[in-house]
Amino acid sequence: MEKEKRNNLIMTFIAIALVYLVVFILELTLRPTSIVFTVLRKGAIYSLVAVSMNLLNGFTGLFSLGQAGFMLLGAYTYAILTIPTEVKQSDRVYRYYDAVINFDTGVFVALIAAGLVAAFFAFLIGLPVLRLKSDYLAIATLGFAEIIRAIFQWDVLGPLTNGANLLREFKDLSRITLPFSDIPFPPTLFVFIVAGVCILLVVLLINSSYGRAFKAIRDDEVAAEAMGINLFKHKEMSFVISSFFAGISGALLAMFQYTVQAQQFRTMLTYEILLIVVIGGIGSISGSCIASFLYIALSEWWLRGLDMGTFLGINAPELFRSGFRRLVFSVIIMIIVLFFSKGIMGDKEISFERMKHLFRKKRKAKGADA
Amino acid sequence: MKNLLELEHVTMQFGGVVAVNDLSMHVDENEIVALIGPNGAGKTTAFNCITGVYEPSNGKISYDGKCIIANHPSGKMAKLYAGKEHEMYLGGKVLAPTPDEITKLGIARTFQNIRLFKSMNVFDNVLTAMHVRAKANLFSSVFRLSWKEEKEMRDATEKLLKEQNLWEMRAEEATSLPYGLQRRLEIARALATRPKLLLLDEPAAGMNPQETQELASFIKEIKERYGLTVLMIEHHMDLVMNISDRIYVLDFGSLIAEGTPEEVQSNQRVIDAYLGVAENV
Numbered sequence: 020m021e022k023e024k025r026n027n028l029i030m031t032f033i034a035i036a037l038v039y040l041v042v043f044i045l046e047l048t049l050r051p052t053s054i055v056f057t058v059l060r061k062g063a064i065y066s067l068v069a070v071s072m073n074l075l076n077g078f079t080g081l082f083s084l085g086q087a088g089f090m091l092l093g094a095y096t097y098a099i100l101t102i103p104t105e106v107k108q109s110d111r112v113y114r115y116y117d118a119v120i121n122f123d124t125g126v127f128v129a130l131i132a133a134g135l136v137a138a139f140f141a142f143l144i145g146l147p148v149l150r151l152k153s154d155y156l157a158i159a160t161l162g163f164a165e166i167i168r169a170i171f172q173w174d175v176l177g178p179l180t181n182g183a184n185l186l187r188e189f190k191d192l193s194r195i196t197l198p199f200s201d202i203p204f205p206p207t208l209f210v211f212i213v214a215g216v217c218i219l220l221v222v223l224l225i226n227s228s229y230g231r232a233f234k235a236i237r238d239d240e241v242a243a244e245a246m247g248i249n250l251f252k253h254k255e256m257s258f259v260i261s262s263f264f265a266g267i268s269g270a271l272l273a274m275f276q277y278t279v280q281a282q283q284f285r286t287m288l289t290y291e292i293l294l295i296v297v298i299g300g301i302g303s304i305s306g307s308c309i310a311s312f313l314y315i316a317l318s319e320w321w322l323r324g325l326d327m328g329t330f331l332g333i334n335a336p337e338l339f340r341s342g343f344r345r346l347v348f349s350v351i352i353m354i355i356v357l358f359f360s361k362g363i364m365g366d367k368e369i370s371f372e373r374m375k376h377l378f379r380k381k382r383k384a385k386g387a388d389a
Numbered sequence: 131m132k133n134l135l136e137l138e139h140v141t142m143q144f145g146g147v148v149a150v151n152d153l154s155m156h157v158d159e160n161e162i163v164a165l166i167g168p169n170g171a172g173k174t175t176a177f178n179c180i181t182g183v184y185e186p187s188n189g190k191i192s193y194d195g196k197c198i199i200a201n202h203p204s205g206k207m208a209k210l211y212a213g214k215e216h217e218m219y220l221g222g223k224v225l226a227p228t229p230d231e232i233t234k235l236g237i238a239r240t241f242q243n244i245r246l247f248k249s250m251n252v253f254d255n256v257l258t259a260m261h262v263r264a265k266a267n268l269f270s271s272v273f274r275l276s277w278k279e280e281k282e283m284r285d286a287t288e289k290l291l292k293e294q295n296l297w298e299m300r301a302e303e304a305t306s307l308p309y310g311l312q313r314r315l316e317i318a319r320a321l322a323t324r325p326k327l328l329l330l331d332e333p334a335a336g337m338n339p340q341e342t343q344e345l346a347s348f349i350k351e352i353k354e355r356y357g358l359t360v361l362m363i364e365h366h367m368d369l370v371m372n373i374s375d376r377i378y379v380l381d382f383g384s385l386i387a388e389g390t391p392e393e394v395q396s397n398q399r400v401i402d403a404y405l406g407v408a409e410n411v
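Taken in sequence, the protein lines are chains A and B.
Quick note on numbering: the first sequence equals residues 20 to 389 in this note's numbering.
Quick note on numbering: the second sequence equals residues 131 to 411 in this note's numbering.
To be clear, the hints were calculated from the coordinates, so they are not data collected in a lab.
Among these hints, one or two may not hold up.
Keeping only pairs whose Cα atoms sit at most 27 Å apart, straight-line, the calculated DSS-like set for lysine-lysine is [said to hold, decoys possible]:
hint, chain 1, residue 1, chain 2, residue 2
1, B, K292, A, K361
2, B, K326, A, K24
3, A, K252, B, K292
4, A, K152, B, K281
5, A, K252, B, K281
6, A, K252, B, K223
7, B, K289, A, K24
Chain A with its partners taken away, still in its complex shape:
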């Protein structure tokens, strides 16, 4: 039993290592502008934020819709910290304001800071908001995200946030180098490593004693409390950690997009992530990851033809014109939500044990047919 478990763990690690190897090889061989990289990068970023949302919604049972707000905090923190000092002093970015933050930090420090700033705000907001339940919590966090977006565009904060203008020229994906050198770091691999480490941390958390306490709160608050689990403390913990990773994914999104503007972090973004969580399965980390790659691949790549005039070899520019993709996409989502409401994975995780089980079942079924 123990041995089998260990074998499965080793197999999982090998599989993950293989994924990273494939990403690395793709990056060496394919054209850097290939759509594959867009899908992989954005997919990895969305995986991270979906996992962070799943930690809150799926594992702690808190229905929060503040993810876009925390991503915005992360993205801005990262961008502001990594715009080089000379750019800040020139008027290339801060054209109408004098930048207050007159220094720049490395990528690593800025990423951590992005998480910490989001976590700090989550801590403050959590104090009043986490005493609310279900829908009310969702409304409060949604409101927070909108307020943050409005505040960041306020021109009084201009010296910090550049008002409603774009932030750019920070260390985006094309400017990452290996530490202490000028050799560029493969950007997709970078996104994968950061997202992978963060997701690994979440997995470790969920399987720890605290993770079990979170699940207990989700299952039954009254019983959890009677078992000595302090509801508020653990909810706050989960909220802060989730926001920390949302902040980091916001920073990654900023790196991916090359520019940051508060406008981008609309409620729509939160709904997209919520959708990914639901499609992947509420309470399943691997489900969230699979769903985010699928979602991004569909919306950015496979269904693109629906907007461009040709789809699956059918050329119908009258029908397949701009906006049609969204229509088809909505229908697909409706079908998923209506008929597969448990999502791809339910609340289970993908594992070799389960796959073996599945294969065995199939083989048995085949044997029965013959």
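Got chain A sorted already, so can you dock chain B onto it with the hints?
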């Protein structure tokens, strides 16, 4: 014998309804005490006051010689208050711990309608309850620096499940167990918080006579094995009379009798409360 739990003039009032009125009782160490009474007598409310789910309107509760819960009518309740001993605790301190703090003190409870963690298997249900005694902080827990403690928790869970004869079903979903075993698992989960005082809210509800018999010996057994003190609410009179050392009887929120099973059985007020009084026409 030492006083483990003591309630002094505890009153719980909801709006205008006095659910528990001036309840004073005590539970000594290593006793099995039962709290009985007709439906709606306020037994579960009394339980919820002890475990911190409700904040009593008036009165004081001590555990192990220390006052843990205290309150007096204030604000709106001062005007509304309809219980006894209105003035007794006025100006005193107010102590209103949350249920998890009560559990940390060593008081564990089960629920009238079983509340297991639905998504978890039997093993994880018990393991989760060990969290309250874990010393690891978030950081050491995530990075597995406290793996020793984690292993201890797992071993303790294994030991507990074996003692409770639940080890064979450890991988099964908690809610898929037969009813009697779910009760037993709930008690095992409560034991995992390492209590000194165990509060059982109708442990025999929905059990047939044979299961009730087993439960009686089970409660006695865990009491001996873990050095527990038990306070229980129960309706099955054979169970109550069989195992309790002392009995308190509640009716309409007030204490109407207390004593050994024999004393209570022959008490006229108790018989009246259960069977009703013939009106003089």
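Going down the list of hints, with the structure as the test:
Proximity of K292/B to K361/A is assessed by CA-CA distance (about 35 Å); at most 27 Å being required, the pair is judged violated. For the given pair, K326/B sits about 37 Å from K24/A by alpha-carbon distance, which is inconsistent with the 27 Å threshold. Our distance criterion of 27 Å between C-alpha atoms is broken by K252/A and K292/B, whose separation comes to about 32 Å. Among the hinted pairs, K152/A with K281/B is inconsistent with the structure: their alpha-carbon atoms are about 35 Å apart, more than 27 Å.
With a C-alpha separation of about 24 Å, the suggested pairing of K252/A with K281/B holds against the 27 Å cut-off. For the given pair, K252/A sits about 25 Å from K223/B by alpha-carbon distance, which is consistent with the 27 Å threshold. Between the alpha carbons of K289/B and K24/A the distance comes to roughly 21 Å, so the proposed pair stays at or under 27 Å and holds.
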